[in-house]
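Given chain L's structure and the hints, the job is docking chain C onto it.
Residue numbers (this note's numbering), protein chains in the order written: chain L, 535 to 800; chain C, 44 to 461.
It is possible that part of the hints are untrue.
If you anchor each label on the Cβ, the simulated ranges turn out as follows [stated by the list, open to error]: (1) L:Asp788 x C:Leu407: 40 to 48 Å; (2) C:Leu455 x L:Lys595: 26 to 34 Å; (3) C:His409 x L:Asp788: 50 to 58 Å; (4) C:Phe426 x L:Lys595: 33 to 41 Å; (5) L:Glu603 x C:Leu92: 36 to 44 Å.
Capping the alpha-carbon separation at 25 Å, the derived lysine to any residue pairs in SDA-like fashion look like this [unchecked claim]: (6) L:Lys629 x C:Phe127; (7) L:Lys605 x C:Gln117; (8) L:Lys653 x C:Leu400; (9) L:Lys595 x C:Asp393; (10) L:Lys783 x C:Val76; (11) L:Lys653 x C:Leu268; (12) L:Lys595 x C:Arg420; (13) C:Lys297 x C:Glu439; (14) L:Lys776 x L:Arg727; (15) C:Lys240 x C:Tyr281; (16) L:Lys605 x C:Tyr115.
Beyond 10 Å from chain C on every Cβ pair, some chain L residues (computed) [claimed, not checked]: (17) Asp627; (18) Glu681; (19) Thr715.
Note that these hints are calculated values from the structure, not bench results. Just so it is clear, the structure is predicted and the values come from calculations on it, not from any experiment. Glycine included, each C-beta is placed from N, C-alpha and C at the ideal position.
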Amino acid sequence: MLTKKLLLSVFTTLSLALISNVSFALSAEEQKGLDISMEAKKRDLGWQDSTADMLMLLRNKQGQESIREIKMKSLEVDNDGDKSLTIFNKPRDVKGTAFLSFSHPVDADDQWLFLPALKRVKRISSRNKSGPFMGSEFAFEDLSSFEVEKYSYKYLGVEEINGLTNFKVEQYPVDENSGYTRRIVWLDTLEYRVHKIDFYDRKNSLLKTLTFSDYKQYIAKHWRADKQEMINHQNGKSTELKWSNYDFKTGLSDSDFNRNSLKRAR
Amino acid sequence: MQFSLHTKLNRSVKVMAVCTSMLLSNSLQADEVEFEVSGNIALEQRYFLKEALDAEQLSHSQTSLSIEAGFYWQWNDGNDSVIFTPFYRIDSQDDQRSHGDIRELAYIHASDDWELRLGIRKEFWGVTEFQHLVDVINQTDGVEDFDGEDKLGQQMVNLSLVNDWGIVDVFLLPGFRERTYAGEEGRLRGPLVVDEKNVSYESSAGQQHLDVALRWAHSVGDYDLGVYWFHGTNREAYLSPSPQAPTLQAPTPKLVQYYAQMDQLGVDVQATLGDWLWKFESIYRSTGLEDFWATQAGFEYSFIGVFESNLDLGLLMEHSWDSRGEVDLGAQGSLMQNDLFLGARLAFNDMQSSELLMGIGSDLDHNAFSFLVEASRRFGDDFIVNLDVRLLQSNEKNDLLYSLSNDDHAQLSASWYF
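So that you can see chain L by itself, here it is in the shape it has in the complex (with noise of 0.2 Å):
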């Protein structure tokens, strides 16, 4: 009898909650959060596919440096996340590892990792969000490719960074595994360009801080930043991304981005 009730209860407030979820709409908040964030997103479509070298500085509080160089190649994809083949070539006793990933929106990526001792392909788990990304301030998810659907928005308003008027939207990741509660990202009115984003750790505090700078326009429409900044406001490490060679709509197709070109990728 007790447990009937108890059970009763638990579906009502269950059913409550999806009801609420459904039926109340977003404060105007929330979606102007969102506004912003799905007009960022289709600014940016139509890529179809791009190369990129990237060079990552990592220093440590002492002010030691170590490299990372790497070589990117990315898939647009409609109506799903992007593919990209990631190329190691520094650190030395990594050369040849590469790196295959299918993202997608809402479930979990499909991953490859492709060891160059062993020739061997492995499946990996792509629940790793938050780890390192190679010894770095960057975590995996903040390389990934930005998809509406990973958070839940809300607009916090206009601030000036550099002499531009940005918009302040604060993002919460729908993901259990992201290593964040939330992030803050300010946007330029004028292009959509992300110039800054804060992190905010699981427990709330301040973690990271990215800046972005040396945007570039390319192909008349799709802007890049050269220079992206991670500052570790936590362990006063940071990680530095310099892009360069950056070309699009390079002719890349979906046979780039399987077994067999992860295992010969240079």
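Then chain C, alone, in the frame of chain L:
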């Protein structure tokens, strides 16, 4: 006989060279060629904790130096490439361990939905960690390390066809490679030395038997599947004591190698479900001497960011099974007929890529254990230091581990990458 084998080998190498040069001249136009060199030089020091069982074997210390270089050319936007990877090791104690090999010397042409790979290559199949049951293309370079993961280059013509329903690989494998074994002075061997000169084959073609393999591999959602059939020379030799009476020059008998023909069906499956990786490998092997099944199955579970840090902890468990069951030493069979393996992998995710791996193997049919620890860390930008400790123990005289129970050792290596 020896002469004709060599001429045959020469002929097949020549045919491959002619084919390669024809393909090269076709695709190599005024296009610019990119060239790259990389590789590593490693100094390795082994220390065995106990005296050897056999007086001929080295007593405690073994030092060696190895070099592997990779020369790589690509053109036509990377759709054509040539790779050359020579390898050489010099060992202070074991003559058999001082050896060289061409790990790779191959030309690869990639098209949208097919790829042709021609020459000496390495090809790995499988999903499990403690035993690579389905991996069959390359011969094991047995003197290199205890784990059997080092392989000798294999001559091949490999056509890879990419379809919506999976990748199909066709292999023609001319030129069989004999396994390398520790010599008289070497450790990590059984009481009898394997005679590298006394080798026989079931096939009258001997080393020139043309092996073939056909493999299908596909990813369906969270599942990665592979199935293959292999027909050709068994990579594992049947070893038996030489029937010749001991002489003054050879007071103890040696093991004679016999390579049978085999048909092998293999299956490998991995399910990647959240933090869980479920792994399964199985083979059915049929030779003139025996037919058997074997499996390797288990899982890997990952904890991300343990102890509120950046550390990842992976826990592994695998079980080996072989239908031949427990066998006497010297008889044919598997060491891993009913064995359980437990492992833990700790990744520090730091700038130096520090990693620690621990594993325990236990034979469930009798009292035998193996224990291993592997630690690695990067120093500066270009140096990697590895420390491995392996302890082997068995109370069962029939177990190979019993004859290795004096071979507990620690191995320290420093590699410079260029």
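* Which hints, by number, does the structure contradict? -> Numbers 4 and 17 - these are the hints that the structure violates, sorted from lowest upward.
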